[in-house]
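*Asks:* Going down the list, the protein sequences come from chains A and B. Start counting at 1 in the first sequence, then tack on 9, and there's your number in this note's numbering. Start counting at 1 in the second sequence, then tack on 600, and there's your number in this note's numbering.
For the record, the hints were derived by calculation from the structure and aren't laboratory data. We put the CB at the ideal spot given by N, CA and C, even for glycine. Among the clues, some could well be false.
Said to hold, decoys possible - Ranges between beta-carbon positions, derived for each pair: (1) A:Q293 to B:K665: 45 to 55 Å; (2) B:E661 to A:C42: 28 to 38 Å; (3) A:V273 to B:T824: 35 to 45 Å; (4) B:E690 to A:N96: 21 to 31 Å; (5) A:E151 to B:T674: 13 to 23 Å; (6) A:N96 to B:G638: 24 to 34 Å; (7) B:R662 to A:G296: 56 to 66 Å; (8) A:H283 to B:M601: 18 to 28 Å; (9) A:S254 to B:P629: 47 to 57 Å; (10) B:T816 to A:V250: 46 to 56 Å.
Said to hold, decoys possible - Simulated coverage check for chain A against chain B, where a stretch passes if three residues somewhere in it have a Cβ under 8 Å from a Cβ of chain B: (11) 12-19; (12) 26-36; (13) 39-51; (14) 65-78.
Stated by the list, open to error - In the BS3-like style, the derived pairs of lysine-lysine whose C-alpha atoms are separated by at most 30 Å in a straight line are: (15) B:K843 to A:K272; (16) A:K268 to B:K843; (17) A:K294 to B:K839; (18) A:K284 to B:K843; (19) A:K294 to B:K750; (20) B:K750 to A:K291; (21) A:K20 to B:K651; (22) A:K20 to B:K670; (23) B:K839 to A:K272; (24) B:K750 to A:K249; (25) B:K670 to B:K750; (26) B:K735 to A:K252.
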Amino acid sequence: MASVALSEAEKVYIVHGVQDLRVDGRGCEDYRCVEVETDVVSNTSGSARVKLGHTDILVGVKAEMGTPKLEKPNEGYLEFFVDCSANATPEFEGRGGDDLGTEIANTLYRIFNNKSSVDLKSLCISPREHCWILYVDVLLLECDGNLFDTICIAVKAALFNTRIPRVRVLEDEEGSKDIELSDDPYDCIRLSVENVPCIVTLCKIGYRHVVDATLQEEACSLASLLVSVTSAGVVTCMRKVGKGSLDPESIFEMMETGKRVGKVLHASLQSVLHKEESLGPKRQKVGFLG
Amino acid sequence: MAMEMRLPVARKPLSESVGRDTKKHLVVPGDTITTDTGFMRGHGTYMGEEKLIASVAGSVERVNKLICVKALKTRYNGEVGDIVVGRITERRRSAEDELAMRGFLQEGDLISAEVQAVFSDGAVSLHTRSLKYGKLGQGVLVQVSPSLVKRQKTHFHDLPCGASVILGNNGFIWIYPTPEHKEEDAGAFSANLEPVSLADREVISRLRNCIVSLVTQRVMLYDTSILYCYEASLPHQIKDLLKPEIMEEVVMETRQRLLEQEG
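Work out the full structure, taking the sequences as your base and the hints as a guide.
*Replies:* Written out as structure tokens, the structure is:
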């Protein structure tokens with residue numbers, strides 16, 4: 010993970026500060042300002058860019074046709090790939106970012122590995138033969154702490170923005186199937202992202218836990234808990250990272266905080282995405298040069 | 601708990617909001633500055649095909665017959681006598697070094713020092729030959745572009761709001777609680793690890809957010825600008841200073857006060 014070196018005195022300052030006031034004045038459950046924009050990459054089926062402080066993530070979703078998996082013939086599936094670009098920190102140059110990338114991709118697979126996150130049956134075109142495969146590519150542009158939360162927000166926004174063309178399966182007299190794409194480019198199906206979970210990372214610093222840690226705060230924390238929560242407050246998966254140990258009571262407290270914070274996160278994200286959509290096709294795209 | 605999500609807003613060009621009378625002559629590398637060959641060329645320029653061409657992106661400054669280009673954003677170039685704040689990343693591994701220094705300075709420690717000499721490849725050698733330099737204790741470090749730190753007579757300031765800052769010429773700004781009394785061994789190598797009071801923390805966090813706001817709006821950093829920004833930020837909560845619109849408002853007020861003070 011991208012990390013920053015701190016002196017002992019700085020760490021002591023941060024650890025004592027977490028009790029009342031964090032270094033930038035936030036409380037333990039406050040997030041930094043988040044900027045979300047969808048539809049930034051034109052040749053994808055859906056895309057989103059999310060900025061949380063200085064952490065910058067770009068997600069692109071491409072829908073391609075393929076064959077369903079043998080054990081699940083009636084469903085499509087999602088494939089995740091995470092690229093830690095050398096843009097973010099020099100540590101990611103060459104193969105340096107691969108470990109972090111695989112870790113994040115595996116976490117994403119885990120949190121989406123249940124029946125209700127995304128309706129996979131809607132991605133099926135004809136059972137055992139054709140289905141939609143959604144390739145979700147995540148690009149880390151800049152890293153300033155709290156990667157997992159930002160990536161999940163971006164993945165959810167990109168899936169909300171994804172438009173999959175509507176197809177029809179036509180059967181010939183001989184029995185061979187033909188797939189017909191609709192002529193109208195705006196005729197597409199959209200995914201329901203109601204149950205797509207978001208990750209809340211809770212870092213244990215001293216005796217308290219904080220949400221949305223900066224790089225300096227992450228350097229002071231020995232253990233963190235990643236809780237993946239849906240908009241209804243249901244926990245889909247939990248993971249502990251870090252060398253330190255966590256008390257079972259603190260795990261319970263952190264989980265409760267995660268659920269509470271997760272619900273608010275989902276509500277804000279939904280309202281921003283709907284607001285953006287209501288601006289319609291005439292909205293001013295800010296993009297990368299804004 | 602607070603959570604705010606918003607849509608991005610395109611940046612406004614700075615000149616509109618500032619309303620400067622004299623427009624700066626901005627150049628990018630490769631731009632012709634002048635075809636008049638009577639000028640002496642300074643930093644950031646070179647002579648090519650009978651005309652003076654810029655080699656960095658910045659604003660043109662002219663002093664009588666000397667033309668130079670002051671870059672807007674550069675890596676730090678050391679000058680003798682500069683105060684810098686630095687972090688120890690690596691150290692020489694020899695037996696004497698181990699015995700002597702390891703008790704005092706570790707990797708990752710922050711120190712304040714003065715530039716003693718500059719080598720031809722750009723490397724600088726530092727000295728801490730005064731009690732005011734040395735290892736830094738508890739506080740907050742803010743990293744900004746070196747071009748935003750104004751050159752002044754002194755870079756150590758004890759601000760009246762209750763905290764002290766060291767404005768390193770290399771862009772590293774150190775904010776720390778003002779020491780109660782000038783100890784005999786101030787600047788020595790044992791840090792004070794007592795918890796800092798909440799009142800001091802509030803001042804330090806507010807100063808840190810003010811400095812970050814000034815930097816996003818590209819205002820030069822010196823003790824007066826930081827102090828005015830602090831005073832302008834008092835009506836807002838410390839964590840609200842992280843929001844872009846409040847940052848703009850506070851820096852606008854700071855700019856006005858600075859202009860009034862000049863004029």
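*Asks:* Could you run down the list of hints and mark each one as holding or not?
*Replies:* Structure-based check of each hint:
1. A:Q293 to B:K665: 45 to 55 Å: Distance hint for A:Q293, B:K665 holds at roughly 47 Å.
2. B:E661 to A:C42: 28 to 38 Å: holds (36 Å)
3. A:V273 to B:T824: 35 to 45 Å: The hinted range 35 to 45 Å holds for A:V273 and B:T824, with Cβ atoms some 41 Å apart.
4. B:E690 to A:N96: 21 to 31 Å: holds (25 Å)
5. A:E151 to B:T674: 13 to 23 Å: holds (20 Å)
6. A:N96 to B:G638: 24 to 34 Å: Given about 44 Å between the Cβ atoms, the range is violated.
7. B:R662 to A:G296: 56 to 66 Å: Distance hint for B:R662, A:G296 is violated at roughly 37 Å.
8. A:H283 to B:M601: 18 to 28 Å: Since A:H283 and B:M601 have Cβ atoms about 22 Å apart, the given range 18 to 28 Å holds.
9. A:S254 to B:P629: 47 to 57 Å: Holds: the Cβ-Cβ distance is about 54 Å, inside 47 to 57 Å.
10. B:T816 to A:V250: 46 to 56 Å: violated (31 Å)
11. 12-19: Answer holds; 6 residues pass the 8 Å Cβ test.
12. 26-36: With 9 residues closer than 8 Å to chain B, the region 26-36 of chain A meets the three-residue bar; holds.
13. 39-51: holds (count 8)
14. 65-78: Not satisfied, violated; 0 residues make the cut.
15. B:K843 to A:K272: holds (22 Å)
16. A:K268 to B:K843: Distance ~25 Å between A:K268 and B:K843 Cα, so the pair holds.
17. A:K294 to B:K839: Roughly 28 Å between the alpha carbons, so the hint for A:K294 and B:K839 holds.
18. A:K284 to B:K843: Holds, because 20 Å separates the two Cα atoms, which is no more than 30 Å.
19. A:K294 to B:K750: Violated, at about 37 Å.
20. B:K750 to A:K291: This hinted pair is violated, its Cα atoms lying about 44 Å apart.
21. A:K20 to B:K651: Cα-Cα ~54 Å, so violated.
22. A:K20 to B:K670: violated (37 Å)
23. B:K839 to A:K272: holds (22 Å)
24. B:K750 to A:K249: Violated, at roughly 46 Å.
25. B:K670 to B:K750: holds (13 Å)
26. B:K735 to A:K252: With a Cα-Cα distance of about 29 Å, the restraint between B:K735 and A:K252 holds, given a limit of 30 Å.
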